[in-house]
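Visitor: Could you put together the complete structure from these sequences and hints?
Chains as they are written, first to last, in the working numbering: chain U, 5 to 309; chain L, 5 to 266; chain Y, 160 to 457.
These are calculated hints, taken from the structure and not from any lab test.
Note that the coordinates shown come from a computational prediction; the quantities given were computed from them, not determined experimentally.
Fair warning: there could be bad hints in the mix.
[As the list claims (entries may be wrong)] Here chain U is said to cover these stretches of chain L; the calculated rule only asks that three of the stretch's residues, wherever they fall, bring their Cβ under 8 Å from a Cβ of chain U:
(1) 79-88
(2) 115-125
[Unchecked claim] Listed below are several chain U residues computed to face chain L (Cβ distance under 8 Å; list not exhaustive):
(3) Y169
(4) R171
(5) S172
(6) A174
(7) P180
(8) D183
(9) N184
(10) R187
(11) G192
(12) V193
(13) S194
(14) S197
(15) I198
Idealized CB from N, CA, C, for every residue including glycine.
Here is what each chain is made of, one letter per residue.
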Amino acid sequence: MFLFAAAAAPLLPEWIVSLTTIAFANALVVLGLVVLWRVGLVSFGQALYYCIGAYVVALLARWTGLTDAFALIVIGGVAAGLVAVLIGFLLARYREIFFAMLSLALSMILYGVLVKTESLGSSDGFSVTTPTFLGYAPHREALGLSLYWLTLGVDAIAAVLVGAYFRSVAGALAAPIRDNEIRVEFLGVSVNSIIHAKVVIAGILGGLGGALAAMAIGHVDPNMAYWTTSGSFVFVTILAGAGSVAAAFVGSLVFEAVRSFAVDVMPGLWQMTLGSVLLLTILFLPDGLGSLVSRLKRRGEVQRP
Amino acid sequence: MSAILAVRDLEKTFGSLVAAHDITVSVPAEQTVGVIGANGAGKTTFINMITGHLRPTKGGIWFEDQEITGKPSREITRLGISRSFQVAQIFPSLTVFDNVCVAAAIARRSGGMWGSITTPVRSPDATAEAEATIELFQIGRYRDTPANTLPQGVRKLLDIGMAVVGWPRLLLLDEPTSGISIEEKFDLMNVVMSALKTRKITVLFVEHDMEIVARFADRVLAFYDGTVIADGTPTDTLDSPRVQELISGVRLKPAAGSGGHA
Amino acid sequence: MLITFAILTDGLVYAAYLFIVAIGLTLIFGVMKILNVTHGSFYAFGAYGAATAVGIYSNADWPAAAGFLFMLVLAMAIGLVMGLILERGLLRLVYGKDEVVIVLVTYATFLILEDVIVLIWGPQSYAAYQPMVSAGNIEIGELVLSNYDIVLVAIAAGLAGLAYWSLKFTRYGRLLTTVIFDRETAAAFGINVTLVYSATFVIGAMLGALGGAMMAPKIAVTLGIGVEVIVLAFAVVAIGGMGSIEGALVGALIVGICRAAAVHLVPQIELFVIYGVMALVLVARPYGLFVRAQPRKI
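Guide: Structure below.
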């Protein structure tokens, strides 16, 4: 799928490339949410890491003149990951609605700090310097394509790594922990450590997503940490379902497409459209779009004698 | 190694409540010990101290000549002591095979978080062990059944199987036949005990059904009021007037040549 | 000295506003275990409804007190209708499901209702300051206090008292307490849990709308007020403990006074002090100040 998407890019109009870049950047955050969703946890604060990744990129470019995209996203991801390691000590002790609430509170703290801090641009935020790619400094369409391919590259690597993680003991423990955490402890596993690791993975993915998004959008502002941003990531996770890695990317694309369509066609009612789509998905496709795909696949198999 | 499990002057108090006191027991390897006593007599406290979920207030516990008193439960599991549960603790959303495979993979991972992330859960080792254990407990026909649809007896066997995939040397069974109908109790215990004997596991099992205890235990520990009041063969303990008065009630069958159930 | 007094009065007024807004949310969570994001919509609808009411009675030249009462009654009526429609129509469909799924349903509903507001009232802002102006001010030393704010505090205190009294001494209140404590057992005793749920949700909705109406004269009634209020209400309820009325009261006071202190002393931390307090409380007491931990059932 990734190869196809990569190859198709130069043929598509610029606005589609740009839209898809942002969708695929956001998909990384959603992938992180899928990791947590599998173990039964929902974070209403992934915007924290998204925002950290984004601001790290913007600030480094502005303050140190570092514009290399590869370096910037790595630093963004690592910064978010470090914050996740620290927060994880606390967060890993919570479950269900309390996990969701604490993660929300932490992201809103960042929002509050950013909005009131002049040197960080307060509520207007600030723009992101044009990135370079190991010395190569493209403009316009070439820039768009470069960012697009970079995002696809990061997505592909993330997909492979997260897929391998899901097949490992730590990843496969998601369902058992959700089912019966106590038994897992009695088998000799520290459930809190496993959850801590998942928080860190989701944090790194969130930071990478934010870093890429910052470069794609060209601007960062405190809204990236606001609860509605976290809410939209959760929204996509529901839309996609937690069934597979691919679901995160497909779901993110569908969401961006629906959102753009709604904003264009009925600008006054795009929230209503989004809300209705979410509602319908929850009511009729509780396992998300991913489950629709597997249902179709299964039906295909049954047909064959 | 003198005894696989040795416990000396063990005591556990919660404030002014003495849950267990003056327990001194030595269990040789591969023995099957039945633990009887009324609820609140101290059996569960005793078990929990061995598995590391309760820290004794006095006394010591040795496993394979190594002191394990007060060690955290995760470490004790790694050292080779495992337990099963009165209410079967399984993973309802997984199949029987996946239940056992996950347990086997956990037991086989190399240490720590890094080990958990790099070891695949369906490694050849883990899957082979899972298949073997499923065969051992004779639940092969349920291999691909989701665990939440299993009949009670199979749930119990699965629960015990999961405790055994790590090849523990000591297994603590908490009321293995509770919730099982009378017709099925003996069959269940036959399967369990032969499986455990095959793996040469030392067993301590808590039971309220005296027939089961008489039939399957090599030795009986009778708990009353927080301490062991009788320790000997099933015949000796279950026929002792004191045990009959305080715990088991009078046995109707003659002492010699008993076995089977009414 | 003056600053301290200012902090206390500001804090008290802000706390009153937070309490009124949070009490509906905590009630719904305590009884139904639902974290109701739509609460923000009830608040917004109440505020817009109040603006409309103020428009009506200003033009018709009613006396201020009657107008104020009309505004509140209209808002509560809106809350009543909305609560009924949502509970019967939508929530019924998702009752058995996962807690988090229900939260997302209320979030989706909130998004839809945000645009319904635009459909009904349009994108412009409304002003509803008349009640505040007609109430006038009083002066205590160098401090000028709005009479309206005093009324706000009085109503909040009255509400707290009413809630306490009805929970302890009325039949509905005792039923509610039972259901909050253990839903299954309550049903086993023959309590009509479904009815209690409906009634609770509707009351929660009315309280949310009431909060919006009372705040309308103090703010610009515009798009997005629901969004802000939700997180604030959550913070208060999380601090106090879900389902605890005393908790909502204490939580509101803590947040109100902390925020007032921040505004007067260290304005930069105004926004984040609320969530900082929330995070601190959750660290020490994950279930909030007034709710004890539930033991896990094996």
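Visitor: Look at each hint and say if it fits the structure.
Guide: Hint check results:
Here the region 79-88 of chain L counts 3 residues with a CB under 8 Å from a CB of chain U, which clears the bar of 3, and the coverage holds. For the region 115-125 of chain L, the stated coverage by chain U holds: 8 residues have a C-beta nearer than 8 Å to a C-beta of that chain, and at least 3 were required. The beta carbon of Y169 of chain U is positioned within 8 Å of a beta carbon in chain L (closest approach about 7 Å), and the interface hint is therefore held. The criterion of a C-beta within 8 Å of any C-beta in chain L is met by R171 of chain U, whose closest approach is roughly 5 Å, and the hint holds.
Residue-level restraint check for S172 of chain U holds (minimum Cβ-Cβ distance to chain L is 5 Å; threshold 8 Å). With a least beta-carbon distance of about 4 Å to chain L, the hint placing A174 of chain U at the interface is held under the 8 Å criterion. Taking 8 Å as the C-beta cut-off, the interface hint given for P180 of chain U holds, the closest approach to chain L being about 5 Å. For D183 of chain U, the shortest C-beta to C-beta distance to chain L is roughly 4 Å, which falls under 8 Å, so the interface hint holds.
Given the 8 Å rule on beta carbons, the hint for N184 of chain U holds: about 6 Å separates it from the nearest Cβ of chain L. At about 4 Å, the closest approach between the beta carbon of R187 of chain U and any beta carbon in chain L falls short of 8 Å, and the interface hint on this residue holds. Interface hint status for G192 of chain U: upheld, as the beta-carbon distance to the closest one in chain L is roughly 4 Å, under 8 Å. Given the 8 Å rule on beta carbons, the hint for V193 of chain U holds: about 6 Å separates it from the nearest Cβ of chain L.
Nearest Cβ of chain L to the Cβ of S194 of chain U: about 6 Å, under the 8 Å cut. The hint holds. Below 8 Å, beta-carbon pairs count as interface contacts, and S197 of chain U has one with chain L at about 6 Å; its hint therefore holds. Taken as an interface hint, I198 of chain U checks out: its beta carbon lies about 7 Å from the nearest beta carbon of chain L, inside 8 Å.
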